[in-house]
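Chemist: Listed below, chain by chain, are the residues.
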Amino acid sequence: MVNLFVNMMKEEWRVHSTMFGSLSFALFPVMIFGIAFMGSFLLPLFRAVVPPGYLAIIIHAIFLLGGIMVGGFGLLGMEVMNRRFGQASLLSYSARSLPISEREIFCTFVVKDTVYYLILWVVPFVAGFAIASPFILVPLSLSLLLLLTLTLAFLTGLACIFFLSTVYSRSKQAFVVLFVMMLMGWAGLYLFTGINTAALFPPLQLFYAFSYAMFLAACAVVIIPSAIAVVLFTSEYTDTTKRFKNAIAPLTKKLSFFPYPPLAAKDLIDLLRSGSFIGQTLFSFLIPLGLLWFLLSVLGRFIPAGEVLLLFAILTGVIASTMYTWLTMFDTFSSYTCLPVSVHALLNSKMCSFTVLQVIPATFIVLVSIAAGGVPYLVPAFVLCLSVSFYALSITVWLTGLSPSVLVYDAKVLLVYLISVGIALLALIALAFVNPYYSVGSALLFLPAWVLVNASYTKWDMQDQPVF
Amino acid sequence: MGVKQGIIEAEGLVKQFGDVIALNNISLSIRQGELFGLLGPNGSGKTTMIKVLTGQIRPTAGSATVLGIDVKKDPVGVRERVGIIPEQETPPSFLTATEYLDFVGEVRHIPDVLKKADWWFDFLDFNDKRDVLCKDLSRGTRQKLMFTQAFIHKPTLALIDEPLINFDPIMQRKVKDYLTEYVKSGNTIFISTHILEIAEEICSGFAILHKGTLLHTGTVAELKEKNQHLDEFFLSLVQKGTHG
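Top to bottom, those sequences are chains A and B.
To convert, count from 1 in the first sequence and add 562; that's this note's numbering.
To convert, count from 1 in the second sequence and add 21; that's this note's numbering.
If you're looking for bench data, these hints aren't it; they were derived computationally from the structure.
A hint or two may mislead.
Restricting the straight-line Cα-Cα distance to at most 27 Å, the calculated cross-link-like pairs of lysine-lysine (BS3-like) are [claimed, not checked]: (1) B:K136 <-> A:K815; (2) B:K195 <-> B:K175; (3) A:K1021 <-> B:K93; (4) A:K815 <-> B:K175; (5) B:K93 <-> B:K232; (6) A:K1021 <-> B:K94; (7) B:K195 <-> B:K156; (8) A:K734 <-> A:K807; (9) B:K156 <-> A:K734; (10) B:K175 <-> B:K93; (11) A:K804 <-> A:K734; (12) B:K137 <-> A:K804.
Using the sequences plus the hints, can you model the full thing?
Modeler: Have a look at this one:
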C-alpha cells in the first residue's frame, strides 16, 4: 500500500509536469503562496466593508469547491488523460495486471489525492497567509486554525464527490434521490428557519469557534462519506454505451456560414455531448461571476454604481475569454493529423465558435446592467465586456495555441498572460473612472487582438504541435 | 508523375527532439505500385518518419516530397492527397463512427461519403457500431474506423503506422488481402511495423531503421533469392547496429 501510494504520487507529479513542464508546474504552489501572501494585505480593507464572517465563508467555499473539482478530475482522469496522452495507462487501473484489489487501489487513490493536493494548494495558501499575518496583526494561531479548517473543507469536497460518484456507479436512481433530498433539505432549512446554511458547514463552525466536539463533527463529515464510498465501491460498471443519430451532416449545413463548417459542427457536438456546455456555463461562468458580483458590490460604498458595473463588465470579459478552453479541452490536434487540416484552420474555426459563445456573456452583461439599474451604462459595459474578452482570447491563443489548459498551471505562461491582460485592464479601469463613456474606446482593443491572432496563425503553423 | 520520380523521395532527413536524434540523415525513394515496409525495433524512428512524411512534424534538416509535394512547404497538401493511419487510433471521442466518416467526407470533400462508408462497415464487419461514440469503441473497432477513413477517398498513397496491431487473425487476413490488391491497381502503400512476418508476407520493398539510422534498403525478392529470411536478416543487422 505504501509502495503504491509513493508510486501514485510520482505518477501524479509526472502527469502534471509532462502536461505543463516541470519548472512551470513546480512554480504553481509558489504562485499560490504569493497570491495568499499579497492577498492577506488586502484583508484590513475587506474587513472594513465585508460583513463579518463572509470572507471566511468565501475562502472555505473556494476550498470546498477545490476538493470537489479535484475529486471530479480524479474520477474523470482516465478520460482526460486518454485525450491528451493517447492510450493512457494509470496505476489506478493496475488491478487489471497486478495482484492488487480495486478497493485497495481506490483507498490509496483517495489518500494520494488528499496528500498531493494539500501540498499543492492548501499548504502554500496557509503558508502565505501565515507569513503575512504578523504584518496585518493577525495572530499566528489563526493561521494554524485556518490550515486545519481549510484542509477539512477541501477534504469534505473530496469525500462528497467520491461518495456521490460511488452511489452513482451503483444506481443512478439512488443518486438522483439522494441529490434531490440533499438539495431539498438544504433549501428547506433555509426557507423555513432562515438559517444561513453555509454557516452550518462544520469546518467553518470550527473556524469561528474551535471545540473538540465540532472538530469531531467536521472529521465525521469527511470520514463517514469516504468510508461509505469505499464500502460501496464497485469496479463492475453497467454498460453506458449510447447511440446517436448522425448530427454532423445537418449541423454542417446549418453552420455553412462558418469558414470551416464541419469543424464548427464537431465543436458544437463535443460541447453538447461532453456535458461541457451546461457544466461550464454554470461552474466556469455563472458561479464565478456571481461570486465576483458579490465581492464588487461591497465597493459600492466607495465608488459609484456605474463604475462598479463597468469593473464587473471588464471581469466578465476576462472570464468570458476562458470559453476558448471549453472548445479545446476535449480536443487535441492528434485527432486531425490524418486529415488535411492546418493548425491555422483549427485555430480559426475555434475562434469562430468562440465568437458564437460570446452570446452568453453579451446577454449576461445586458441583463446584469438592467437588473443593477445601470441602463445608462449598458453600451459601454457591453463594448467593454466583449473587447476585453476578444483581447484576452488573442493573448491566450498567442501563448498557448490549441492547448490553453496549460495556462492554468504553467507559471511562465500565466505570468506573461497576467502582465499582457493586466496592463490593458488597468488602463481600461482608469478610463472608466475618468468618464464611463470613454470605455467605448475599449473597442480599439480589437485591433491588437486582430494583429495578435494573425501572428498566432503563423506562429503555431510553424511549430510541431505538442503531443502529450 | 514520371516513372523515375519516386512517390516518396526523402533526402538527408534529420529530426531532432532536444538532444535526441530521432532520424539521422535518412534518404529513401519509393516507387509507385510498391507496398513498402519500414521496419525497425520499438523506438527506432518509424513513427517519426511517418509523421515527417505526412507533414505532422517538420524535419530539422533535409527534404522530402510525397506525390511531388514538398512536405515542409505544403503539409496540408500532402495530407489532402494521401491516406494516413496514425500509430494510435484517435477518432474524436464524442462523434459516432458514422459521424466521424461523415466529418472526414466533409473535410476531404468526398461525394456520397456515407454510401462509401456503408461498404466499409460491411467489409470490416462493424455495422453494429456505426452509431456508437468513438470513445466507447474497442481498440479493434477504432482501428477499423481509422482504416476506413484512410482509404475511403481511394488515395494513390497510404501511409500506415502498425497496420494490423489491433486486428484479430480473421481481420488481419482480410486487411492484408485488401492491401495487396490495392497496390496491384497501381496505388502505393507505405507501412511501418516491427512485425516482420507481415512485412515478409505482403511487402515488396523494405527498409530497416535502427536508432534513427537507415541500416538497409532492399526488396523481399532479393532476400528470397539468397534464401534468407527477413527475421534472420533483420536480427543480424540490428544486432550489428547495436554492437557496432
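Chemist: State for each hint whether it applies.
Modeler: Comparing the hints with the structure gives:
Using a Cα cut-off of 27 Å, the hinted pair K136 (chain B) and K815 (chain A) holds, with the two alpha carbons roughly 18 Å apart. A distance of roughly 17 Å separates the Cα atoms of K195 (chain B) and K175 (chain B); the hinted pair therefore holds under the 27 Å criterion. The straight-line distance between the Cα atoms of K1021 (chain A) and K93 (chain B) is roughly 15 Å, inside the 27 Å bound, and the hint therefore holds. Between K815 (chain A) and K175 (chain B), the direct Cα distance comes to roughly 25 Å. Compliance with the 27 Å bound is thereby established for this hinted pair.
For the hint linking K93 (chain B) to K232 (chain B), the alpha-carbon distance of about 23 Å falls within 27 Å, and the restraint holds. Between K1021 (chain A) and K94 (chain B), the direct Cα distance comes to roughly 15 Å. Compliance with the 27 Å bound is thereby established for this hinted pair. For the hint pairing K195 (chain B) with K156 (chain B), the CA-to-CA distance comes to about 25 Å; that is within 27 Å, so the pair holds. For the given pair, K734 (chain A) sits about 24 Å from K807 (chain A) by alpha-carbon distance, which is consistent with the 27 Å threshold.
Proximity of K156 (chain B) to K734 (chain A) is assessed by CA-CA distance (about 21 Å); at most 27 Å being required, the pair is judged to hold. Only pairs whose Cα atoms come within 27 Å are accepted, and K175 (chain B) paired with K93 (chain B) is accepted, the gap being roughly 24 Å. Between the alpha carbons of K804 (chain A) and K734 (chain A) the distance comes to roughly 15 Å, so the proposed pair stays at or under 27 Å and holds. Using a Cα cut-off of 27 Å, the hinted pair K137 (chain B) and K804 (chain A) holds, with the two alpha carbons roughly 24 Å apart.
The structure is consistent with each of the numbered hints, conforming to all of them.
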